[in-house]
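> Okay, here's what each chain looks like letter by letter:
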Amino acid sequence: MIRTGKIITAGLMAAVLVLAAGAANAKDKVKVGFIGPLTGGVAVNGIGGRNSADLAVKLRNADPKAKYEYELVVLDDECKPNVAVQVATKMAADKDIIAAATHYCSATAIATVDTYHKFGFPVIVWGAVLPDITYRNKYAEVHRVNGTMINQNDANAELISKLGYKTVAVIHDTTDYGKGHNEYFSKALAKIGKAKIVGTFGVTAEQQDFTAELTQIKALNPDVIYFGGLTPIGVRIRSQMDKLGIKAVFDATSGIVSDAYIQGLGPLAEGTLAFREGAPTEKLPGGKFFIEKYNAQKYDNPPEAYGAFAYAAMDMILNTIEKVGPDRKKVIDDLGNVKDRDSIVGKITFDDHGQNTVAVITKYVIQDGKFVEWDESEYASGKRKLPGQK
Amino acid sequence: MTQLLEARGLSKRFGGVLALDGLDLDVAPNEILGFIGPNGSGKTTFFNVITGIYGADAGSVTFNGADITKAAPRAIYNAGMSRTFQRSRLSLPLSIFDNIMIGNHKRLNQGLWFNLVRRGEFKREFEASYRAARALVEVFEPALASRMFEPVAGLPMIDRRRIEICRALISEPKLLLLDEPSAGMTHDETRELMSDILLVRERNKELTIIIVEHEMGVIERITDRCIVLNFGRKIAEGPYREVASDAQVQEAYLGVA
Amino acid sequence: MDLGLFAQYVMNGLMLGMMYALVAVGFTLFFGVLDVIKFSHGDVVTVGAFTALAAFAGLHQLGFNSPWLDLVVMLVAGMLAMAALGMLIARYLVMPLRSAPALNTLLITLMLGTVLRESVRLFYPQGGNPKPFPALLPRNSIDLGSFNLRLDNVLMLAAGGLVVVGLQFLLNRTKLGLAIRAVAQDEETARTMGINFTAIVLVTFAIGSGLAAFAGVMNGLYYNEINFGIGLYLGVIGFSAAIIGGLGSIYGAILGGFLFAGLQTIGTVLLPFASAYKDVFAFAVVIAIMAWRPTGLIQEKISERV
Amino acid sequence: MNGYEPMAEGAERGEKAPAPLWPGLAALAAATGYLIALLAAENQAFIISLLAAGIAAVLAAAWLRLLDRASRSFMDHEDALAGCAVVAALAVAAYFHEDHFVLLLVITVLLYTVATLGLNIQFGYAGVLNFAGASFFGIGAYTSAVLNAHTAIPHLIVLAFGGVLAALIGSLLLLPVLRTRGHYAAVVTIAFALLFKTFLEVNDVLGGPQGMQVPGMKILGWTFNDNIEIGKISLSFYMNYYVVSLLLLIGAFVVVRRLERSWIGLNLDALRLDETAASCFGLDVVRWKITAFLIGNFLIGIAGALFGMVGSFVAPNNYTFADSLILVSILLLGGIGNPWGLIVATFIVVIVPEKLQTIQEYRFLLYALLVIAVLLFRPEGLLPRPVRRYFPGWRP
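Chains as they are written, first to last, in our numbering: chain A, 1 to 390; chain B, 1 to 257; chain C, 1 to 306; chain D, 1 to 396.
Don't read these hints as lab results, they were simulated from the structure. Values in this document were obtained by computation on a predicted structure and should not be read as measured data. Glycine is no exception: its CB is placed at the ideal position from the N, C-alpha and C atoms. Hints are supplied without guarantee of correctness; some may be wrong.
So the derived label-pair ranges between C-beta atoms look like this [unchecked claim]:
1) A:G336 x D:A94: 43 to 53 Å
2) B:L112 x D:I157: 13 to 23 Å
3) D:W22 x B:A75: 49 to 59 Å
4) C:A199 x D:F377: 18 to 28 Å
Based on the sequences and whatever the hints tell you, model everything.
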């Protein structure tokens, strides 16, 4: 029931204080927030995002031209909706925190939008991909720098059809995230009309044993198993597929694009497909700069797939506060008209729902324990073949 | 009808053992009946059967004209029979008053509305019951009467026995069953307790008592009549003196022929 | 439903059932000797599994990697450690509360379970995240129609079976077993027979907790993944299994374990609604069984002295 | 499981003149001041020292037997002091009238206390185990989620519905609960707790693992989720909920108090302590167990329904078995059967981890260790339940 995330780590706190002392003329302190999953199965992504946001704050505090002294307040949503609402309430209720970069998990992002609206607290979503987060309501408080899951599912369906697969079984977690993937993937696949879905299975995000569902799928004997969910159950399902001797292609979403997936499966990860909106970090306009600075900080965890977006979100918040001052209302107004603003992920433009439009989609296949862009992979070149690949 | 309690062919079996074997007996109103016999001869089982804790395997029990063979403990208590237990069964954390009130259940208004909302009336009932309980306790041990709201856990054995007997008496039963009241007490304590019981009897001539006892002194002193059980069967009946001299009884107790 | 699939479901059910039974047996052993429920048992499973995992990591630090050696070391380390833990729990948490109401023991062990679970989460490196568990058993498999028979599953079932049989032997054929059963029967008499009560209790807790560790490793090998939460789930199911079986009876526990797994599988296959409801179904049946047989399927004798 | 005071104190209490009022008053004032200080504190170091000071103060007071005097004056002047407690609660609210989060915290305390009062009837008095407290709390919350969103039922009635539904669903368990004893009884509610959470997770109609938004409370057009502007001063919208929660707690407290101090309370104690003996004195065991179980769940359900509206969001993970354990541990910590103890315990369990950010992660661990310590060293809880007094301060 009452649960709140962990506050910024002591070390981080110390760092901020030191900087505060260092600053020649004591600037006004301004608090900004970050929310993401710091524990649980997707923690690596959350920590990657946390570090990236922290990097943005550090660089700003190091910049003598900055008007304010920023302190980053970090809370953990554990990728659980209920926890997310509690920490969101905690953060939004704290008048000293001006704005925040929030959420990797769609299930938590969609659960909290009403809270942010209720408290008039401006946020920029940095990782969650469910369209509804920005499009279900028209909340001036909610914005998003990364793209939605619609485009990635189009790309996914396209590839599956192109590879000549005919039958697909869908497994999705029953949060809004998984349901969303199921919905958009099914639509996209139907639109192309080459492959058909032979069965759909909803599973809970904490389920341990999938042999029951997989045995039923085995009876359907599909070419492809599409999975709309996050890393932890992705790992379980893939390894239990092997247990039951299911040979189908494992076709997943942005939810498993993280090193944890590969570590969790070892060789079994080979040949898993995944899709993500936005170019790979190193190919982003500011990618080099970001990676350099990030490594310079010696964080014990890579930025992961969405780190760059977390940095961009936090950086945009800081810019806005520098411009209009530490005042929630003013920040909301300014974020209301964002057009072609430069950022490390490229030019950012919010539509009337605060959604940034990201056209690029990256297709991945796991090859030799790495996420490799499909077009550069040996699977595309035909050197290797996925099960049943034409 | 003249008898207060009538048992006919009462039998109770535990696994292989016949604890009661076709027992017939009558208890006349206002008498004090002693129940004696070696351990395991079925005395306590008899109490448990007639109070409805165990169902009888055969036979019938009539109490005050009504058949109570199949009745539940509640019904039997409401009909006017109440008891003490061989091993004291007071509710230790509760106060003396509370323990006695447990015995007063049938005369207290148990309605939810009455208890929660009509606190004025409740207070009147409470004060009346307090006076009654206090008066009863004073018969046994005046010193206890000033400690009505202390937990019984702090009381010595004899006082606990007294409270237990008060708990059985507060509802003014027709028949009182005493199961080894002297168990775990010294001779003097036992003597005191018996005088108390006789005193209660003085005040309420209507009260009928069945007492299970090993202390023959007690039996001799207070019972009008006694029944000797062995292996669940009645082997002798009559005033203590006769019974005590009965050969069978001596055999049962002393094993001499 | 075609035969292969049926066989597949039976296999899944057997694997689950074996794990549940191993946990349930622990509950029933403890209850036998002390008439207490040690609810931390499920989390002992977790700690056992994590200990084994740590042992595995250690071995690889030292540069060993033969699967069989790994397996043996992991099992030994896990089971010994848990046996010790079990004794400590019995000695310092369970026995001191013997005079208190049964509920206190239930609560204190429930809380101990939380302590173990949270400790794994907080103090094991990255303990909050699911951990990959090495697949050490040979993975060869034969396809019989749509039934995929895997060697490692067969081995695990066999091992589990052996452990249960071994336990039976221990309890029914050895002096120690006699002593345990004597204590379970009646503490006082056992004491008068010159049996060292405390020692027997400790040994029993050691055995039960060792079994828990075994179940933990088995769980890891089966799912190739463990997380700090598995114990709560396994513990509750093991407890329910022991209860519906009838506390104090080994057969009851095993029956209960396989029954519960059976219910879950049936819940998936035969029920009209989504397979996700299998646990709802299983627990509903548990509650129904409690209403029907308040002291379990294999009834425990209770007599009240009045 | 049923703490009672040792003889020494009993004797002191006997039937002498009533204890003075001031020790209780002083204790209450001190507690209120301390609470405000703790809630207002920001700096971790300060909070830690504040907690240390608090513990020291309590130990000192115990050592000087001040606590006994306070508890005795509570026993003799309970009504007066209860009134003062309400004033104190309002004072706290007034002090933090603008601070959303603090108010939310205190509201949480108020509503958890209502829930544990319900558990207390079942378990502290009647001895009926309930390891599914959080589930019944959740039934209430989901009731308000569904009814507020899809019906026009007045929200005060929705609260009542929450309670009724919790009681109704609870009554499905009656048969097994009544037939089983001890461990077997425990498994019934534990199984239900797990069944309930899984059901919510797999059941799409109720939002699945995603959970649902709960529309805020409205009474006669008064919207609870809007901040209140009175002239210059602006109050947090949580103030609305605070008032309702406080009223609910007062109601529940009075009910539980009167229940305990009546023949019914006596019946419940009797059947908890010795069912056989009780039935030999005409007590209808089944009837009273049912009464206790239903009233308890009703209270838990109402609290849950209101908490749902306060939190404005419900999800299966809020109502897990672990949460039920927290409720039970509050009961144990406070001193089973003593409503005042429950209030204190809830404050500790809810507020301390909140303020002590550094232990956030270790919250569950610390609860568990705390309860273990209590069970080992003070099984009767912080404020043991005193012997029943039917009317505080009553003298023959």
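> 49 to 59 Å was suggested as the range; check whether the CB atoms of D:W22 and B:A75 agree with it.
holds, 52 Å
> For A:G336 and D:A94, compare the CB-CB distance with the range 43 to 53 Å and indicate the outcome.
The hint (43 to 53 Å, Cβ to Cβ) is violated, given that A:G336 and D:A94 are roughly 37 Å apart.
> Evaluate the given range 13 to 23 Å for the C-beta pair formed by B:L112 and D:I157.
The hint (13 to 23 Å, Cβ to Cβ) holds, given that B:L112 and D:I157 are roughly 22 Å apart.
> Note whether the CB distance of C:A199 and D:F377 lies within 18 to 28 Å or breaks it.
holds, 27 Å
Of the numbered hints given earlier, the model fails hint 1 alone.
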